[in-house]
Amino acid sequence: MAEDLLTRDKPQPIQPEEHGPVVTFKDVSIAFDLKPVLEHLSFSVAYGETRIILGPAGGGKSVLMKLTDGLLRPDSGTITVFGNDITAMSEDELFKLRRRIGMVFQESALFDSLSVEDNVAYRLHEEAVPEKETHERVFEALKFVGLEQAIAKFPSELSGGMRRRVSIARAIVSEPDLILYDSPTGGLDPITSTTIIELVMKQRDVSHTTSLLITHRLQDAFTMAMNRFNPETEKMEPLPGGGVDESTKFLVLNEGKVVFDGDTHELVSSTDPWLRQYLS
Amino acid sequence: MPFVSPEDFAKQKVTAIQDYSILSWQAIANLFSRPRYWSDIFTQMDLIGVGSLPTIALTGFFTGSVLALQSATSLKAFGAASMTGNLVALSMVKELGPVLTGLMLAGRNASGMASEIGSMRVTEQIDAMRALGTDPVRKLVTPRLYATMFMLFFLTIMADAVGIAGGALISVTMLGMNTSTYFHNSYRSLEYADIVQGLTKPLFSAFIIATVGCYFGMTTKGGTQGVGRSTTQAVVVSSVFIIIVDFIVSRAMIGIFGR
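Just so you know, the protein sequences line up as chains U and R, in that order.
Sequential numbering from 1 applies to the first sequence in this note's numbering.
Sequential numbering from 1 applies to the second sequence in this note's numbering.
One chain only, chain U, in its complex shape (with noise of 0.2 Å):
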């Protein structure tokens, strides 16, 4: 069963009353041939929290995915990752970090010389788990995604909505205590679009992992907060008196500064100009 991979008991726990914020920015900046990217930017993501990042394009949505997993390192300010200043890593150290973190990349970056199985497996191969276990494991994490029969083809052979889904299950199979997915839904159809976004909730409602969210589509991110995922129907259904998800929240980026950063009631209740302009 699909649940199974999410239920599966974790060599190493995280207890959420062990754990302050998984993710804090503290006064981060970050400039690019002298242009700033990101400034003095600041917000935290507590366990089992889905934080939602959203914003124009070109605001910094992916540099910020990338600082958070250690691939780009800060001009100024301090990251920590589960209690860990990443700032201060050696690229060593944080090769043992990123194994507990599970980054979907905006265009896949599905290793083209590998098949399916080869891609989701990549770091159970890593880790030296035997193979039978990896097997098993990734025709799960296949199976989550609904991509099981597509194990032996390539990359090459899949759409783009099979990539992204493949891409989720490369970074779900080694049950990470934290996900990044960078735009899941960037370029996709509409109803592909809702298929990830369906995906995305049930490793939110189903194992509860922590994780930060970048869309361009607004109805993505009201979706995620408005639905919920039925395991017993395998869908995503509202949520009851058309409540709100409490674990996701939004941060909103504009020109590389925090617009906003708060829960679902805040973000629709805003009276700033630009947010209310950038979401209606």
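Keep in mind that a hint or two might mislead.
Claimed, not checked - Label pairs and their calculated CB-CB ranges:
{"#": "1", "chain 1": "R", "residue 1": "Ser189", "chain 2": "U", "residue 2": "Glu127", "range": "54 to 60 Å"}
{"#": "2", "chain 1": "U", "residue 1": "Gln277", "chain 2": "R", "residue 2": "Gln12", "range": "37 to 43 Å"}
{"#": "3", "chain 1": "U", "residue 1": "Pro130", "chain 2": "R", "residue 2": "Glu191", "range": "30 to 36 Å"}
{"#": "4", "chain 1": "R", "residue 1": "Trp25", "chain 2": "U", "residue 2": "Ile191", "range": "47 to 53 Å"}
{"#": "5", "chain 1": "R", "residue 1": "Leu53", "chain 2": "U", "residue 2": "Thr87", "range": "46 to 52 Å"}
{"#": "6", "chain 1": "R", "residue 1": "Thr173", "chain 2": "U", "residue 2": "Ser113", "range": "44 to 50 Å"}
{"#": "7", "chain 1": "R", "residue 1": "Gly107", "chain 2": "U", "residue 2": "Gly58", "range": "21 to 27 Å"}
{"#": "8", "chain 1": "R", "residue 1": "Val240", "chain 2": "U", "residue 2": "Lys153", "range": "40 to 46 Å"}
{"#": "9", "chain 1": "R", "residue 1": "Gly107", "chain 2": "U", "residue 2": "Lys153", "range": "30 to 36 Å"}
{"#": "10", "chain 1": "U", "residue 1": "Ile191", "chain 2": "R", "residue 2": "Ile22", "range": "44 to 50 Å"}
{"#": "11", "chain 1": "U", "residue 1": "Glu93", "chain 2": "R", "residue 2": "Tyr192", "range": "46 to 52 Å"}
{"#": "12", "chain 1": "U", "residue 1": "Glu93", "chain 2": "R", "residue 2": "Glu95", "range": "35 to 41 Å"}
By construction, these hints were calculated from the structure, which means they are not laboratory data.
Just so it is clear, the structure is predicted and the values come from calculations on it, not from any experiment.
Note that beta-carbon positions come from the ideal geometry of N, C-alpha and C, so glycine has one too.
With the hints as your guide, set chain R onto chain U.
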């Protein structure tokens, strides 16, 4: 093309040398710590070594052949046509074998490394690798470096042997020399210092091919056009470096061994 101030240009070049040096050092040092990607090393040995066999064999054979053909004409003028074997053997072992094998491998493999790694770079596969907890230098560069160093050494020996054989074929069939005399002279002309010199050069060439190819791949920017640019630069820079380093090593060896 935007104008770059001399200061910025100098900074860019110094940064590039620094990045290249760090990459090369990491690629070497990674073999002495875990994890080691032995399967990748063997795969690269197959691609680089076995895959280059026909090219290197043909290059070596025809280089030896043409060397015999050209030198015999000049040597005959001095009544020293029997020395053709000496000339072919010395030239092949000390100079042409290592340098031409290095250049052929630079054309075939430095370009391959730059384009493969460059494509991975522009499609975020390198970032994905890092995000999955794998050091791309350890996984991609170190296997290519050690595989190239190991295989180029033996490819050079093969090129030398095939070159001398090519020279023999021409000397015997076209120039009417005695097979035994040719090989006897070839063998007698070679000394320990010549062999050491001929087998030291491929180690340097291999280092240049792998590190330059991987460096340009890892620093690729600008999509498919950038991949093409990196590939061209990798071949040009590695070929020029091979020839420069060949001169330096030759001079050093002459200084050490006196020939």
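Here is how each hint holds up against the structure:
At about 56 Å, the beta-carbon gap between R/Ser189 and U/Glu127 stays in the expected band of 54 to 60 Å. Look at U/Gln277 against R/Gln12: about 42 Å separates their beta carbons, and that is inside 37 to 43 Å. Against the hinted window of 30 to 36 Å, the Cβ-Cβ separation of U/Pro130 and R/Glu191 comes to about 55 Å, which falls outside the hint. The given range of 47 to 53 Å is respected by R/Trp25 and U/Ile191, whose C-beta atoms sit roughly 50 Å from each other.
A hinted range of 46 to 52 Å holds for the C-beta pair R/Leu53 and U/Thr87, which are about 49 Å apart. At roughly 46 Å, the beta carbons of R/Thr173 and U/Ser113 sit within the given window of 44 to 50 Å. For the hinted restraint 21 to 27 Å between R/Gly107 and U/Gly58, the CB-CB distance of approximately 41 Å leaves it violated. Evaluation of the 40 to 46 Å hint for R/Val240 and U/Lys153 yields a pass: the beta carbon distance comes to about 43 Å.
Under the hint 30 to 36 Å, the C-beta atoms of R/Gly107 and U/Lys153, about 34 Å apart, fit the expected range. Roughly 47 Å separates the CB atoms of U/Ile191 and R/Ile22, a value that falls within the hinted 44 to 50 Å. Checked against the hint of 46 to 52 Å, the pair U/Glu93 and R/Tyr192 passes, with Cβ atoms roughly 49 Å apart. Range check, U/Glu93 to R/Glu95: about 48 Å between beta-carbon atoms, so the 35 to 41 Å window is missed.
This entry does not satisfy hints 3, 7, 12, going by the numbered hints stated previously.
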